[in-house]
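Novice: Work out the full structure, taking the sequences as your base and the hints as a guide.
Residue numbers (this note's numbering), protein chains in the order written: chain E, 142 to 431; chain H, 77 to 391.
Heads up, some of the hints might be wrong.
[What the hints assert, rightly or not] Which stretches of chain H does chain E cover? Using the computed rule of at least three CB atoms under 8 Å from a CB of chain E, they are:
hint, segment
1, 85-98
2, 219-233
3, 358-371
Treat the hints as calculated values from the structure; they're not laboratory data.
By construction, the Cβ of each residue, glycine as well, lies at the ideal position given by its N, Cα and C atoms.
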Amino acid sequence: MTLPAAEFERETFGSFVAKAFANRSFIIGFMITALIAGMALLSFFWTPYDVTNLVVADRMQPPSRTHLFGTDQFGRDVLSMIMVGSRNSIAVAFVAVGIGMGLGVPLGCWAAARGGFVDEAVMRFNDLVFAFPALLSAVMITAIFGPGAINAIIAIGIFNIPVFARVSRAGALAIWPREFILAARAAGKGKALITVEHILPNIANLLLVQGTIQFALGILAEAGLSYLGLGAQPPMPSWGRMLFDAQTLMMVAPYLALFPGFAIVITVLGLNLLGDGVSDVLDPKLRRQR
Amino acid sequence: MTAYLLKRFLIGALTLVFASLVVFSVLEILPGDPARLMLGMNASEETVQVLREQMGLNQPLLLRYFDWAGGLLTLDFGKSYTYSVPVIDLIAERVVVSLPLAIMALFLSTVIAIPVGVFAAQRRGRTADTLSMGAAQIGVAIPNFWFALILIYIFAVWLRLVPAGGFPGWNAGVWPAFKALILPAVALALPQAAILARVTRSALLEVLGEDYIRTARAKGMPRSHVLWRHALRNAMIPVLTILGLQFAFLLAGTIIIENVFYLPGLGRLIFQAITQRDLIVVESVVMLLVATVIVVNLLVDLSYAIVDPRLRSRQ
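Specialist: Take a look at the structure:
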C-alpha cells in the first residue's frame, strides 16, 4: 500500500522541480529570494563593515568604492546595515507566517471537517479579525505592548491566522466530497486522521502559495511598523527604520532613502514572483489568467 | 436576496458587538492609569483618585462597558483625556482630512487600474500585457511610504510644485488644501492600483473565456461592445470586492502616509492617542473604523446584487 504512494509522490516532486525551472516567474522569483536569503545568512558571518561601529568622520558619504551604498549620519555603512536588516525582515515575516499557518490551518481544517456550528463559529471569528484594519491594529498592538521585533511578529501573525484559516477551509471543503476520502472513511478512519493523511497533503500547494504571499506582505508590514518606530529597536538596523531616518536627511543625502527601499521592493517582488511561479506550476489552469 | 442581506446584516451587527468587546478589554488590561498620566507623576494620590472618580474609572468594568458602548450608539464618544474636548469633535476635525484623502486615492487607483487591467486582458500574452503586468508586479511590491518619500523628493524638494507635508486646512482655500493631499493620494493609490489592475485583468480573462462571450461575438457583435457591455460587467464582482477592501484600508491604513506627510488625519490622531494613552480616543476611533469596514463590506455585498441580477433572485 505505501510503496505506490511513495513512488507517486517522488514522481510528482521530480516533475514539479522540472516544471518549476521551466517557469519564468518561478526562476526569477527563486533567484531573487535565494539572493536575499543568502545575503541574510552571510550577514551572520561577514558584512563589509561593522554596523555597530560609528565612524563620525565618515558620516553621510555618498556611494563610492569604499562604501558601495554610502554611509548614514553616524558613519555606518549602508550596505552592511541593509544586509543585517534583511535578517530582521525575514525573521519577522517568517515567524508571522508560521503563527498564521500554525493556528489558521488547524482552525480551517477543523471547520471544514466538522461543518455546522464549528464551521460557522470559525468563519465568524475570521469576520471579526478581518473587520479590524490590519495595519492599524498592528500599530495598536505594538504601541500597547511596547515596540520591538517580538511584538511586531505577534501583531502581524494575528492577522495571518484568518487568512490561512480561510484558505485551508476552502481547500479542504473541495477535497472532502472526493471519492478517496469516502474510501478512507469506509476504511474506518476518523476525521482527524483523514485530515492529516489526505486533506493536508492535498491542500499543501494552496498553503505554499498563500505562504509566499503572506511572507511578502509580512515584509511590507514589518517595514511599515519599523518606519513608525514600532519594529526592531536601534541599534539593530531595520529597513523601515532606515527609511525613517533618511526622511529628515533627504535634502542632503537622498541616496539614504533609496537603498533600503530597493531592498524592500526587490525582496517583496521576488517572493511574489516565486508565489506566482509555484501556483502556475501546481495549477496550470490558473496560468492563462495571470 | 432579502434573506441573504438580512443574514449579512445580522453578522455585521454581531461582529460589531464582538469587536467592541475585544477593543474594550484589550485597552482595559493596558498598564498605566490614564488619570495618573493626565496629571503627571508629581500629582498627589488624592488628586488622582478625584480625577479617577470624575472620569468614571472606579466604576465596575461591566457598567463602564455598557456606558461606553451605549455612548457609541448615540455618537457620544466621551471626552478626550489629553485634549479635554469631546472625542466626536476631534474625529470630525480629522475626518475632513482622511476622508477626502481616501476618496482621492480610491478614485486615482480606479481610473488607473481598470483601463490598465482591460488593456492587458485584451492583449493577453503580448508585449503590452507583459509590460503592464510587470509594472503592476513591481507596483504591488513598493511600500507606499517609500514611494511617498520619492514623490516628496521629486515634486516637493526638487520641482517645488507641491508642499512636502502638512495641511493648511480647508479654511485656507480649497486649492491649497487639495494640493497638500495630492502627493499622499498618489502614494496611497499606486500600490492599490497595481493590485486592482491585476484583479481586473484576471477577472476579465476568466469572463472572456465563457461561452456566452463567444456567442455574442459569433452573433456579430463588435469586439468593443462585447468587452464593455458584457465582459466587464460580469468581471466586476471580484473588482468590487477588492475596491471595498481598499476603501476600508485607505481610511485606516493611511496611518503611515499621514505620518510621512504630517497630515492631521484619523491615522495620526490614533497614533498620537496610543502613545499618549488617550484610551477613550483610541477606543472610539478604532470602533468607528471597524464599523466603517463592516458597513463597506455590506455595501459591497449589496452591490453584487446590482451588478449580477442572478443574485437578486437567489437566496
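Novice: Decide, hint by hint, whether the structure agrees.
Specialist: Now for the hints, and whether the structure bears them out:
1. 85-98: Since three or more residues must qualify, the claim that chain E covers the segment 85-98 of chain H holds, with 7 doing so at under 8 Å.
2. 219-233: Our answer is that it holds, as 8 residues pass the Cβ test (under 8 Å) against chain E, meeting three.
3. 358-371: holds (count 6)
Taken one by one, the earlier hints all hold for this structure without exception.
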